[in-house]
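Novice: One letter stands for each residue in the lines below.
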Amino acid sequence: MIRILLAGQGGQGVLSAGKMLAESGLWEGKEVSYLPAYGPEMRGGTANCSVIISDEEIASPLCNNPDVLIAMNGPSFHKFAPRVRSGGIVIVNGSLSDCYAGRDDISVYDIAANDIAMQAGDIRSANNVILGALCQITHIVKDKSIINCLNEKFVGKPALMEINARAFELGKAAVESGGER
Amino acid sequence: MSKILLHGTEAICEGAIRNGCRAFFGYPITPQNEVPEYMSAVMPKIGGVFVQAESEVAAINMVYGAGGAGVRAMTSSSSPGISLKQEGISYIACARIPCVVVNIMRAGPGLGGILPAQGDYFQATKGGGHGDYHLLVLAPSSVQEACDFTYRAFDLADKYRVPVMILADGMIGQLMEPVELPPMRALSDIPKKDWATDGGYGENRRVLNSLIIKPEELEPHVNEMQRTYDEIAANEKMCEKFMTDDAEIVITAYGTVARICKSAAKTLRKQGIKAGVIRPITLYPFPSEAYEEAANGAKAFLTVELSLGQMVEDVRLSVNGKKPVYFYGRTGGNVMDEEEIVQAAKDALAKAELAKEV
Numbered sequence: 001m002i003r004i005l006l007a008g009q010g011g012q013g014v015l016s017a018g019k020m021l022a023e024s025g026l027w028e029g030k031e032v033s034y035l036p037a038y039g040p041e042m043r044g045g046t047a048n049c050s051v052i053i054s055d056e057e058i059a060s061p062l063c064n065n066p067d068v069l070i071a072m073n074g075p076s077f078h079k080f081a082p083r084v085r086s087g088g089i090v091i092v093n094g095s096l097s098d099c100y101a102g103r104d105d106i107s108v109y110d111i112a113a114n115d116i117a118m119q120a121g122d123i124r125s126a127n128n129v130i131l132g133a134l135c136q137i138t139h140i141v142k143d144k145s146i147i148n149c150l151n152e153k154f155v156g157k158p159a160l161m162e163i164n165a166r167a168f169e170l171g172k173a174a175v176e177s178g179g180e181r
Numbered sequence: 001m002s003k004i005l006l007h008g009t010e011a012i013c014e015g016a017i018r019n020g021c022r023a024f025f026g027y028p029i030t031p032q033n034e035v036p037e038y039m040s041a042v043m044p045k046i047g048g049v050f051v052q053a054e055s056e057v058a059a060i061n062m063v064y065g066a067g068g069a070g071v072r073a074m075t076s077s078s079s080p081g082i083s084l085k086q087e088g089i090s091y092i093a094c095a096r097i098p099c100v101v102v103n104i105m106r107a108g109p110g111l112g113g114i115l116p117a118q119g120d121y122f123q124a125t126k127g128g129g130h131g132d133y134h135l136l137v138l139a140p141s142s143v144q145e146a147c148d149f150t151y152r153a154f155d156l157a158d159k160y161r162v163p164v165m166i167l168a169d170g171m172i173g174q175l176m177e178p179v180e181l182p183p184m185r186a187l188s189d190i191p192k193k194d195w196a197t198d199g200g201y202g203e204n205r206r207v208l209n210s211l212i213i214k215p216e217e218l219e220p221h222v223n224e225m226q227r228t229y230d231e232i233a234a235n236e237k238m239c240e241k242f243m244t245d246d247a248e249i250v251i252t253a254y255g256t257v258a259r260i261c262k263s264a265a266k267t268l269r270k271q272g273i274k275a276g277v278i279r280p281i282t283l284y285p286f287p288s289e290a291y292e293e294a295a296n297g298a299k300a301f302l303t304v305e306l307s308l309g310q311m312v313e314d315v316r317l318s319v320n321g322k323k324p325v326y327f328y329g330r331t332g333g334n335v336m337d338e339e340e341i342v343q344a345a346k347d348a349l350a351k352a353e354l355a356k357e358v
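Respectively, the protein sequence lines represent chains B and A.
Note that the numbering used here numbers the first sequence so that position 66 is 66, with each residue one more than the last.
Note that the numbering used here numbers the second sequence so that position 347 is 347, with each residue one more than the last.
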């Protein structure tokens with residue numbers, strides 16, 4: 001079982017990325033749960049969601065001490081990094097955050113998601129860059145499942161499909177080229 | 001059929017629609033707005049009725065009317081909105097009209113907050129409105145159950161001619177999980193109602209009313225209602241037992257909290273403490289027998305709620321003094337984590353041990 005907390009600013013695709021992950025897990029026949037935090041937020045406020053992917057029935061859908069944290073900006077990195085389980089993984093959007101967690105029992109991956117997304121063709125694909133990195137690091141779901149889910153969402157928009165696929169691949173490559181700090 | 005990923009609120013709607021619900025009346029309130037949103041999209045397409053009423057009071061009275069005409073009708077709201085509906089619910093119960101009321105509980109009292117809570121247990125199970133009546137109350141703890149229980153709620157409501165409540169916390173509303181949807185039921189498959197005021201000209205006159213002014217008529221009517229509640233209690237009690245057979249500490253909770261308790265029970269077992277969980281599925285009628293049985297082997301009970309202690313009273317009544325019953329709760333929209341429950345269970349065992357020595 002893996003518990004993933006995705007956090008960032010409203011509009012960065014945090015909830016979409018979480019949903020995509022859960023759907024990919026479902027595709028592979030795994031047990032999944034997706035719990036968005038639904039505070040009284042407005043546009044530009046904070047957004048976060050918990051995704052659990054498991055081979056067994058999921059008891060608690062909560063994710064207070066995640067195995068993996070995806071932080072799309074500085075404030076969410078500093079808010080949630082202390083909560084990551086010891087030995088856990090943090091993937092931080094290096095374009096919008098430093099990567100100093102103040103603890104050495106977790107692995108922090110610095111992925112400049114916004115820059116890479118612009119390189120892929122659209123800054124809005126930053127969440128897919130991070131999903132690429134996540135798959136490369138944890139292999140929690142197969143690349144193909146994520147790509148299939150993405151294509152399902154963007155059916156009839158081949159240009160966007162291509163950008164998303166590129167963003168995903170660049171995210172994977174960013175891990176390979178030494179994202180870990 | 002394969003599973004799809006659905007929000008709890010959407011699952012509730014699908015459960016209703018697939019068991020013949022063709023009338024929905026609602027008024028917006030967080031965290032259940034996805035229910036009316038979904039219904040407003042689907043109802044017109046399947047020949048159903050969707051009305052966003054001018055208030056909660058109007059919505060419940062529209063359910064009164066539609067249900068009286070024999071249509072499977074539903075309304076949904078969240079805690080403060082459900083309070084506003086209480087007068088209508090009492091009328092519906094007295095007029096013996098089947099319907100389904102969904103309460104996605106938020107933190108109270110008052111307008112409170114929008115985060116998950118379970119503070120409406122008393123209101124749901126002890127009669128939030130006036131007079132001698134009860135709702136049959138079902139508490140789902142997963143998105144699949146949110147769908148299945150809503151589906152079932154319509155059959156129960158029709159069978160006993162009572163309003164049925166789906167009592168879920170805000171987490172169920174927002175949670176997304178895989179769901180296997182039941183097949184769409186044909187309306188012709190739903191039993192005819194020989195009491196409904198559905199315009200049967202030339203037939204015997206049918207009246208549905210909640211004003212029964214003569215005491216010699218009201219008493220038998222209320223007694224008849226009570227007989228129905230007794231019948232429901234005999235037939236419909238449901239609960240889930242999780243590792244209770246050899247449990248020394250029995251943790252009990254309903255809804256999503258029960259899932260956190262199950263995680264806690266597993267952790268406790270790993271630490272060598274035999275823990276089990278009883279999860280009531282019907283909150284009214286309360287599955288008291290499960291507690292009576294567990295009281296024989298257990299050293300102590302721990303009730304866990306997102307309130308300051310409501311269901312714990314029913315647990316104490318069921319355990320009936322045989323074993324100590326302790327309580328752990330959070331409010332205000334905060335949800336306890338597994339560690340808090342593990343600690344509370346250990347504390348409960350220690351307290352029970354101490355109480356024995358005194």
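Since the hints were made in silico from the structure, they are not lab data.
Accuracy of the hints is not assured; some may be wrong.
[To be verified] Derived DSBU-like pairs (lysine-lysine); straight-line CA-CA distance at most 35 Å:
(1) K79/B to K270/A
(2) K322/A to K144/B
(3) K266/A to K79/B
(4) K351/A to K19/B
(5) K45/A to K79/B
(6) K346/A to K142/B
Novice: Next, verify each hint and record whether it holds.
Specialist: So, going through the hints one by one against the coordinates:
For the given pair, K79/B sits about 31 Å from K270/A by alpha-carbon distance, which is consistent with the 35 Å threshold. In summary, the hint linking K322/A to K144/B is not supported, as the alpha carbons are separated by about 57 Å, beyond the 35 Å threshold. A threshold of 35 Å between alpha carbons decides the hint, and for K266/A with K79/B the separation of about 29 Å falls inside it, so the pair holds. Straight-line distance between C-alpha atoms of K351/A and K19/B comes to about 44 Å, which puts the hinted pair past the 35 Å bound.
For the proposed pair K45/A and K79/B, the alpha carbon gap of about 45 Å is over 35 Å, so the pair is violated. With a C-alpha separation of about 41 Å, the suggested pairing of K346/A with K142/B is violated against the 35 Å cut-off.
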